[in-house]
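Protein chains in written order, with the UniProt record's numbering: chain A, 1 to 434; chain B, 1 to 434.
Bear in mind the hints are in silico, worked out from the structure with no lab data behind them.
Hints should not be assumed to be uniformly reliable.
To be verified - To be clear about the criterion: a stretch of chain A counts as covered by chain B if any three or more of its residues have a C-beta under 8 Å from a C-beta of chain B, and this derived list gives those stretches:
1) 88-102
2) 165-176
3) 242-255
4) 298-312
5) 385-392
From the three backbone atoms N, C-alpha and C, an ideal C-beta is built for every residue, glycine too.
Number of protein chains: 2
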Amino acid sequence: MAWFTRNKQEPVVVPEPVEAEIEEVPRLPAPPALDAAGMRSVADHTRYLLSLVEPLRPFGMSLLDAWNQVLCEDIDSMINVPPSSTAKVDGYAVRALDLLDGEDQLAEPLQIVDASVERLPEGSAVVVASGDVLPRGANAVLPSAFGTVDDGRVRLVEKVSVGEHVRAAGDHLRVGARLLSEGDRLGDRSIGLLAGSGIDKVMVRPRPRVVVISSGEHLVDPGSQIGHGEVADSNSFMIAAAAEAVGATVFRVAVHTNDPASIRQVITDQLIRADLVISTTGGRREDYEAVVSVMADLGLVDEANVAMSPGRMQTFGLIGDDQVPMLMLPGNPVSAYVSFHAFARPLILKLMGSATQHPAVRAIATQPVRSMLGQLHLLRGTVTSEGSVRHVAPVSMPHALGELAAANALIVVDESVEQVGPGEAVKVWLLDEE
Amino acid sequence: MAWFTRNKQEPVVVPEPVEAEIEEVPRLPAPPALDAAGMRSVADHTRYLLSLVEPLRPFGMSLLDAWNQVLCEDIDSMINVPPSSTAKVDGYAVRALDLLDGEDQLAEPLQIVDASVERLPEGSAVVVASGDVLPRGANAVLPSAFGTVDDGRVRLVEKVSVGEHVRAAGDHLRVGARLLSEGDRLGDRSIGLLAGSGIDKVMVRPRPRVVVISSGEHLVDPGSQIGHGEVADSNSFMIAAAAEAVGATVFRVAVHTNDPASIRQVITDQLIRADLVISTTGGRREDYEAVVSVMADLGLVDEANVAMSPGRMQTFGLIGDDQVPMLMLPGNPVSAYVSFHAFARPLILKLMGSATQHPAVRAIATQPVRSMLGQLHLLRGTVTSEGSVRHVAPVSMPHALGELAAANALIVVDESVEQVGPGEAVKVWLLDEE
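Work the whole structure out from these sequences, hints included.
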């Protein structure tokens with residue numbers, strides 16, 4: 001089936017010249033310009049990475065399986081609600097034309113026929129309760145008070161016109177009405193809406209397959225004996241769970257070495273099942289350099305100094321024959337997590353065909369928040385609600401993983417802001433459901 | 001494996017009397033008292049249902065698989081961070097005692113030895129950079145400026161005391177420090193914290209298996225031809241997705257009939273894989289009655305008039321030999337969805353061992369919200385954020401499924417409130433991530 005194979009993307013390399021005198025070296029499109037300090041802005045870097053990745057190919061999926069996936073088609077109703085015309089009041093389903101004679105006077109009594117009639121015969125009526133479906137042929141409801149019953153016939157007291165006391169088919173929802181649009185995520189209520197409209201399959205994009213590769217020779221897997229100078233790998237677990245939370249199918253692979261040949265082998269092995277590779281390390285410079293050297297060997301690489309704190313050093317590549325996107329996260333846990341939210345999350349969402357922007361909300365700072373001009377600062381914060389108002393306090397701990405676990409938001413301080421005073425509103429990215 | 005079998009719960013029936021002269025009929029514990037209007041409050045009904053259900057049995061799970069699950073143990077750190085003492089400054093790792101002679105004067109120069117030394121010999125020093133792990137035996141760092149190097153030896157200029165310029169092992173996180181507590185849900189950052197502390201397995205409860213059974217003879221599955229008087233089943237799809245969103249593993253089964261024998265067969269067949277059965281119907285009285293008759297036949301049933309709008313009629317049972325909890329939702333889509341959030345969601349969360357209360361937030365009403373005294377009103381609403389403040393407007397549409405799809409919150413108007421004016425704060429349950 002299509003989505004278990006590599007989703008080949010159009011290569012973004014510059015096309016070979018027609019008259020190939022000199023062999024053109026494939027390269028990434030020109031990166032964005034740098035700022036005065038020689039840095040790339042977060043917005044530019046994000047846009048650049050997103051320009052190098054295409055959404056996965058859509059395919060049809062049964063409705064329930066598509067829960068939490070992103071729709072890649074507009075969907076219109078194929079049915080009317082109510083599906084048939086129904087009575088709004090208790091009374092008699094009638095043909096309005098039968099109620100008057102040729103002289104515009106009330107006609108003769110109507111014969112009451114059984115509700116199971118195939119089609120309402122002329123000159124007859126069916127007893128209906130409010131909400132009942134009208135028999136075919138009926139086009140109005142004569143309220144009970146507008147007739148008297150005598151010997152199985154309805155004697156008319158008042159007339160009604162076509163459509164009176166009838167809820168027409170499609171009154172609540174009409175065939176062709178737009179139900180959901182491309183880019184909508186299928187939540188429970190959207191799924192109910194589609195099912196109720198008779199739709200059992202939708203075009204969505206598959207969950208992106210993200211391979212998280214952990215390397216670094218002083219790292220060991222948690223649960224193993226931790227020797228002198230070694231530390232348990234945290235980043236690949238945290239980032240794997242974070243990618244899962246965004247909606248990816250995640251595979252975590254560990255190659256706890258800095259040997260380029262071994263790292264290269266693992267990356268190459270994993271490319272077949274990866275829509276995106278994310279590299280995490282143990283945070284030492286040599287860990288980082290080992291991976292970058294392999295990336296450069298396997299594909300086209302962009303190394304950038306991004307005007308962001310933490311997370312300045314950012315490396316991205318298109319790797320292997322299929323140009324699989326690969327994002328290398330900084331080694332420090334906080335930098336890695338923040339970089340995930342700044343860059344990996346939008347990439348995963350783009351693969352899913354979803355909106356890539358982090359839904360930012362605003363919160364009142366309860367303590368001063370300081371930043372550096374010219375850098376986007378992403379501080380760890382704790383958002384609380386007081387009544388209808390959100391507050392946020394920065395959180396800072398010497399133990400990086402403890403700090404992350406204590407936070408439930410990232411405080412986003414733009415490049416042009418140096419300080420946010422207590423009582424001022426600041427932008428935050430919420431990290432958990434509220 | 002344990003969690004693929006039925007999780008037998010302690011029966012809640014009244015125990016058989018020891019001298020069983022008269023056969024005691026098993027029955028549910030006494031239900032809560034009714035209010036003056038003969039209704040049961042939502043709080044009482046919720047508490048009653050929760051008292052009839054026990055959390056699933058916990059089992060050990062590998063860390064990444066436990067993402068989004070609820071911890072059922074307290075977890076303390078098994079490691080120190082940093083794991084070993086490290087230098088805070090560039091200088092020389094030393095034994096503080098070596099720095100002074102018997103007369104409290106600066107001692108003789110220390111011999112510089114290689115950093116790979118097994119254990120720092122007395123009278124020697126190792127050159128360290130800030131962040132380097134100290135060799136065993138060293139207990140202080142002499143800053144570079146406190147010594148001069150001459151012929152492979154450090155001549156002392158100043159002394160330091162034990163622990164000076166050293167970040168002690170466990171300074172950031174100490175063995176035994178509480179990392180996470182029972183009841184915590186494992187998010188990405190919690191997983192990072194545990195992994196970094198060397199923990200690769202946790203005790204969690206399995207995802208509850210929820211079987212959603214759709215019945216009602218005028219219902220057809222979406223995608224099928226919809227005949228005259230038939231409607232496409234929406235509720236079971238919507239509720240299945242809603243249960244999945246809470247964290248359950250969901251199986252949807254349809255038996256589109258009101259024949260009690262057929263419904264009974266399907267329910268009986270499904271009990272083996274159900275931690276909770278949820279019944280949805282097409283909303284006609286006869287659909288509802290058919291299921292209730294089967295429930296009464298299969299187990300102990302509680303039928304209640306709950307002081308709630310919508311969703312007054314609530315039926316719950318403990319079904320089959322294993323007393324599997326079964327919740328019957330009202331047939332109207334809005335009533336079904338609201339009842340799911342009021343009662344099914346807490347039951348699923350209790351099975352998971354999680355906090356069962358809906359995390360309520362407050363929002364400013366932008367339009368008047370009216371309710372009925374004595375009833376908990378759950379209106380459909382749309383929450384928007386203006387700066388750091390949440391606003392909510394009620395949404396009301398003739399097409400019930402359209403109304404649900406347009407809403408992103410339920411406005412919770414307590415029994416004692418008749419009206420909320422524009423500008424006043426009201427409690428809301430958010431239905432999606434913000």
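Against the structure, the hints:
no.	hint	in the structure
1	88-102	violated (count 0)
2	165-176	holds (count 3)
3	242-255	holds (count 5)
4	298-312	violated (count 0)
5	385-392	holds (count 6)
Checked against the numbered hints listed earlier, the structure breaks hints 1, 4; every other hint is satisfied.
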